[in-house]
Amino acid sequence: MADVEVQKPEAGPTGGAAYPKERRGFGSSVLVVVLSLVAALAVPVLTYVLLNGTFNAMSGRVSAVLVGVVAIIIGVVGVFAMYTLVDLGIKRLPDNIGRTVQPYAWAGPAVVVLGIYLVYPAINTVQLSFADATGEGFVGWDNYRYVFSDPAMLRSLRNTLFWIFVVPAAAVSIGLGFAVLADKLRRTESIAKSMIFLPMAISFVGAGIVWRFVYSFRVEGSGEQIGILNAIKVGLGGAPVDWLAVVPWNNLLLMVIMIWLQTGFAMVILSGAIKGVPEDMLEAARLDGATEIQIFWRIIVPTIMSSIVVVFTTMIIGVLKVFDIVWVMTGGQDGTEVIAERMIRNMFTFRNFGRGAAVAVFMFLAVIPVMYINVRRFREEEATR
Amino acid sequence: MRLSGRVVAALATLALLMAGCSVNVYEAGSGTGGGGGGEGAAAQEENTGQVDIAGAASGEEGVAIQAVIDQGVNDAQDEFVATYTGSDSFEQNVVIQIEGGTPPDIGFYPQPGAVVEQAQQGNLVSLEDLGFDIAALEEQFGSYLLSLGEVDGQHYGFPDTINNKSAIWYNPKAFDAAGYEIPETWDELIALSDQIVADGKNPWCIGTGSEAATGWPATDWMEDIVLRTGGTEVYDGWVDHSVPFASPEITTAAETFGQIIFTPDYVFGGPENISGTDFRDAPDPMFQDDPPCYMHRQATFIVAFFPEGLTPVEDYNFFPFPPIDGQDGVLMAGGLAAVFKNRPEIKDFLELYSQEETQCLYGSVGATTTISANRNVGPDCYDDPLIASAVEPLVEALQNDVARFDASDLMPPAVGSGEFWNGMNNYTNNGPDNLENVLTSIDAAWPASSSDGASE
Amino acid sequence: MSGGPVTVPDIEKTKAAQPTRGSEGGVSDPRSVQVVRVIVGIIIILWLIPTVGLLITSLRTQGAIETSGWWTVFGSLFDTSQWTLTNYQEVLTSGGFDSAFVNTLIVAVPSTVMPITMAAFAAYAFSWMEFKGRYFLFVFVVALLVVPLQVALIPILRLYAGGPELNISFLSGIAGAISGYDVERVTAGIPLSLNGTFLGVWLAHMGFGLPLAIYLLRNFMGSLPSELMESARIDGADHFAIFTRLVIPLSVPALASFAIFQFLWVFNDFLVALVFLGETADVRVLTIALNALNGQRGEAWHLLTAGAFISMVLPLVVFFSLQRYFVRGLTAGAVKG
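Chains as they are written, first to last, in our numbering: chain A, 1 to 385; chain B, 1 to 456; chain C, 1 to 337.
What the hints contain is simulated information worked out from the structure, not anything from laboratory work. Hints may be right or wrong, so weigh each one.
Taking lysine-lysine and the DSS-like style, the derived pairs with C-alpha atoms no more than 30 Å apart in a straight line are [what the hints assert, rightly or not]:
(1) B:K173 to B:K201
(2) C:K132 to A:K91
(3) B:K347 to A:K233
Keep in mind the model is a prediction, meaning the values are calculated, not measured.
Based on the provided sequences and hints, a complete structural model is requested.
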């Protein structure tokens, strides 16, 4: 057991290519492949059988609350128990086979589950993107032509690009700045952080109402302003403005909502990373006379770079997928379309599944550059550890 | 201990087999079967003793529907019990349930378009298959309402409650104080508007803001006008796109609407603020002490959004949208009941539910502003004087076949829930010079293959 | 397990040696502490304004909400007639609120723990195991972050209703012979009926939550010091032992932060619950029960704001109770240095 790898990936660009050191016969190679597949499937299947059996055994026989309690317990320990079981099974295998199979038993279940819940629908979507409105007749590239020619679609592409430039940058810098500053506070740190976190806990319905009370507009003379921005403007002697109809700034106002919601995410993850920066490194820098700002740029930021990349990636993908803010606040009118909103609108309002699917496929493709950066980092990181 | 791994594996395999595989055999001619084991819907099933109805009316309106069903249907027989479940998200829900293989027995759809769509996809049981005599139903509802759910000569929509959209609301006290008379023709309406402007006020309170659906109240204006300037023939042609938006008829109607919104001082807040004013807030200024505007066109449900503490008739009332050049009509909205399963008690339910005695209950059971689609149910049934006065013109129009359904609900959603709204916003925001642009861009959004679309 | 006892190297020691961060923070100059306080204070106020508006709105009557701005209450804070608790009362006593709360817990707890468990094993494998296709599978998993939930709902719904089906019509001759009918098509499959079940929702949340979970956890686990793993291995620990006794305890901050997000997400989710559980009273969750309070044409703002506050309580409790684990995370970094 003691010589189990952690080969540094000098093994070459193919990653794990270095491993089958022992020669194996064809028969045993097949056996290994089959066992790996079985191992990957084992946990999902066993978990499903266990949970399904539990529910079936209980349904209608015991009170709903008891079903709930048992369900929670089984749900919580079930997955772990199944991994333990499968791992025990692998230990029964001959050492060299077990060693090859084990990674698939660990990483495989997630891949299997994702295959069902995300890959299968994604493939379905790609198929639909070549179909007509009802999802039946084949229309070739028509839907993609729509994506790149419809004026509303083009506006949405432009707007989404702005969202990608503005929202992650703003949320990450505010979240990072706040995490660093809050780190210097004494007892109040946890309270301060939870205030920034608070928006994440508000349900989306609640958030929609909250922001309506910020941007709401009423014609002068038809009653008091109930939107705080207009109340301030009127209080200063101005005339009320229909903020969400002011092209192009209304886009920015919608981005503010996303930033408000997402900064908490950036802050929590980055704050955790900052806590991991070794204290002695900071001390040494201080002794060398570095200012706090220098420490921030030269020590903290480089040390937590991988977390920053993670947060940025997550946010960019979040922005690509954002539709509910736009949907609730403006419905994409007045030039505020974004691509995910166009996708939902085409699929569910206009019931044109083909076009909606084509927009979704475009979203899949748009993420490739981000993934490329991540792979590079992933490799660099492994090379240096 | 050594064995445990294998024992578990064996047990798991066994469990899999037991949980597991099934073999389905489809006979020739039994249909393709589909996902959820959907049998051919035509075959009649046994009475299960209950009828599940799902619909969009929730809250107090949902309670009223159940009360009508209880008194009119459940108490009248003991073969079955009908239960209504209302939900805000009915329209998504029912799609989910159909896909998931568990649709309700009956769906009370708030718009006809979705019924037609489901019928085209083969998910509904036609009224003919249920055993209804269409001619007898036409006696009750008139042929227009029944035709809304017609696909390939079969009828899939059973008319449910409707409401009157051709209403112009006003504040009687303010009208009295200023000495204004209720206009009975379009010309009188314009004359009254001019008079109000001359008195230094704005005649119209208009707001079309409705978040994602901003613009729909303006489409209602257009529909009321098209019905009166073009008549039912143009209106029906407009719905199925044989009369395009850019046609002279619709252009005329849009210009007539433009007379209301673009005549200087006609609209409180100016035309540029129409789409920014929430439709729920729009009527509020009428009820201020010295009202800045006097009239508001909206369907009967708007009373729910009037300020608290107002008394109907005394503090607010409506007059019918007046005829234009002698041509009159009534715009309505409402729902269709669609049937997903073929069982004898479902037909019994629909018969009992739609008969006059049951439908008459809608006027008395509680908080609902809806009107029975059964044209034999008269104004006497309705306790609320405002609703009763909305019933009369509607029933009359139904009988004269000049009542028409909300056109935007009948158009393909890319137009009726999309470009038509956007176009109206564009029109109100950017002024009359923009009209040609607006109308051609709505036409451009009409789906190419919809000659057999959601209308007819 | 096999293998000898694992010595977790020196964690306790490092922890003891570590000055408690957060209480010192390295800033000694009182003036800069003031500056920090002011900046933090300003950001907090900006962030809080909308939420305070929500809270105040939830305590006002419907009429007041629609006729004046929420901040106008500050003009007459002690005028008790403008405050009301009836919104909360109405939400809490509305039918089935308690069972909706229980249902939400039944949905949320396993839907949080299950993906974390699965992701932790996968993240460990991606970080510290060598195998063919590792890069590919990892990138593949992370790329799935971009698949919008909405495109997955209908296909999964169909799968749940019918289960996977294989066409085996080449056996139709045999089936026809046995049954005596004219057989057109034969399929074999695993019939599922997961729609409307808690299990169906758990699995769906697990599937939708896994990419982010794996991504975040791998980022964290991958940054753990390799010396630590090696010394454990020299002590004879296998992967399972290293994972359970070393990596998991060290990853608590990352696990906790993901747990918070997943819990929040599931707790506030409306769409997945609506699609896979539905609105029937015995299974509906809190968000759906609250939504039912909203009238048909909308905007029962007074009830929705009260509901939003009630449903915020539990996520905040979770946040506060998990927050202490963020501080302990410093041990992980400390051993690295």
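Going through the hints against the structure:
no.: 1; hint: B:K173 to B:K201; in the structure: 16 Å, holds
no.: 2; hint: C:K132 to A:K91; in the structure: 20 Å, holds
no.: 3; hint: B:K347 to A:K233; in the structure: 61 Å, violated
Against the hints set out earlier in the document, a violation occurs for number 3 only.
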